[in-house]
Amino acid sequence: MTAGHWLYFLGIVVVVITMVMRRNVLIPCILFTFLLGWSYLGSFSQGIQTIFNASIVAGSDLLGIFMIIGLMVALLKSLSATGADELMVIPLKRLMVGPFISYLVVAGSTLIVSLFFWPTPAVPLVGALLAPAAIQMGLSPMLAAMAVALAGQGLALGGDVIIQGAPGLTAAAAGVPTELVTFKGGVLSLIAGVVALTLAYVWGRRDVTRFMPGQAATGVDPAAGVKNWTPGERSKGRTLLLLLGISMAYVIFALFRYDLRGGDASAMLGGVALLVAVIASLFVRGRNGLDVMADYLADGLVFAFRVMGPIIPIAGFFFLGNPEASAKILGEGAPGYLFDLGQMAAEVIPPTGFLAAFGLLLVGLLTGLDGSGFSGLPLVGTLAGAMAAGDANVAATLGAIGQLGAIWAGGGTLVAWCSLVAVAGIIGVPVLELVRRNFAPVMIGLSVATVVAVLFMM
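For the sequence shown, the positions run 1 to 458 when this note's numbering is used.
Since the hints were derived computationally from the structure, they do not count as laboratory data.
Keep in mind the model is a prediction, meaning the values are calculated, not measured.
Mixed in with the good hints there might be a few duds.
Unchecked claim - Listed next, the in silico SDA-like pairs over lysine to any residue satisfying Cα-Cα at most 20 Å (straight line):
1. K328 with I101
2. K236 with G309
3. K328 with I112
To be verified - Label-pair ranges, simulated between beta-carbon atoms:
4. A298 with W203: 16 to 26 Å
5. S43 with M248: 43 to 53 Å
6. P231 with S447: 55 to 65 Å
7. E179 with P378: 10 to 20 Å
8. G98 with F44: 54 to 64 Å
9. G309 with Q46: 35 to 45 Å
10. T239 with Q46: 52 to 62 Å
11. S447 with F256: 34 to 44 Å
12. F305 with A440: 43 to 53 Å
13. F44 with G165: 23 to 33 Å
Glycine is no exception: its CB is placed at the ideal position from the N, C-alpha and C atoms.
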């Protein structure tokens, strides 16, 4: 290991300790980014430049998430001018009869959408449309955010049984059939998800008893139902609600018709949201809508960057762990410190049994710390194939375990610099607190799934 690898490892340890102490990790990440740049480039001044360059690379990667947050907040602000946002959640109130049922509805809806389209479009759809109704029924914003994250970016994406992007990568690297990894990964992710979602609600019940719906911190207050709307405003609100329904139906149709996934799906949803906001502004405000729309968009983007902005330098540090991103920051040939550490850890893992399974889980978790999840799948798949010594069943099981670690961490539920920022931003909770609250349920869920895999699948 080079000095840079030791610095990166020390940085991860300091970040984890800082999070355990319930403090913000921004300053440690900035300092270790500087030290890594100084160490690798051999120049104090270039080390300082590394801080900025890492933030630029991270910001470019996260800009799509920030835009989705801003556009959805702008859309809700344009709808709230006529009370359309209140009308939107009235049918859901009949279904969400209490905090627990609301929690199940939010988690179930996120799971269904995420299975077919990945969590990227599911987060703004559920976060903006269903979460406000759940919060009005007494579910705390934090539990709503956990339901979305654990069901979508954990349970659904961890198995990825419909689209099969994740198991396809893992299986190809491990040299086993995709359907074998898909089945095992789906079962294990279901086990981890049920355990994590159950523990999250049980441990979060105190938030339900303490939370008052008016305390929500989202960009658009879900409990802002105190205004008496005029008949004209109500009529416009119903018209806008119809427009929103048609627009969302078109989004779903387009996702199926044109096979849109991931970033393409987000682009479709974001573009439709912006167009609906423009139409709503002109419909309600007339010529004044030209100015009002600019205010809505500015408010949405300001909200997104105010809540999520500190994540950019944090992501910059962890991007140094990915070989591709590290090369953009430090120059061609720069090492991916995190991936190197994962490979070193794998070399000391025994090939079978509990140690092998939990070792692959650890490697997956490490690779997921870069905030991607998918980037570590070739590594865990290759390691699983090598450790299985030609046994396809063992290789598929170990690969599925590593896949769960990588996706649940970086896909993600355990790092604040992945798409988890969209969950926190749209629902309106601190993203680092969301990570802390996710940690114990997720780790217990993954551990239970790993034990089941060793006992019944290998």
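Verification of the hints:
no. : hint                       : verdict
1   : K328 with I101             : violated, 46 Å
2   : K236 with G309             : violated, 35 Å
3   : K328 with I112             : violated, 36 Å
4   : A298 with W203: 16 to 26 Å : violated, 38 Å
5   : S43 with M248: 43 to 53 Å  : holds, 52 Å
6   : P231 with S447: 55 to 65 Å : holds, 57 Å
7   : E179 with P378: 10 to 20 Å : holds, 19 Å
8   : G98 with F44: 54 to 64 Å   : holds, 59 Å
9   : G309 with Q46: 35 to 45 Å  : violated, 25 Å
10  : T239 with Q46: 52 to 62 Å  : holds, 58 Å
11  : S447 with F256: 34 to 44 Å : holds, 36 Å
12  : F305 with A440: 43 to 53 Å : violated, 30 Å
13  : F44 with G165: 23 to 33 Å  : violated, 43 Å
Hint check: violations occur at hints 1, 2, 3, 4, 9, 12, 13; the rest are consistent with the structure.
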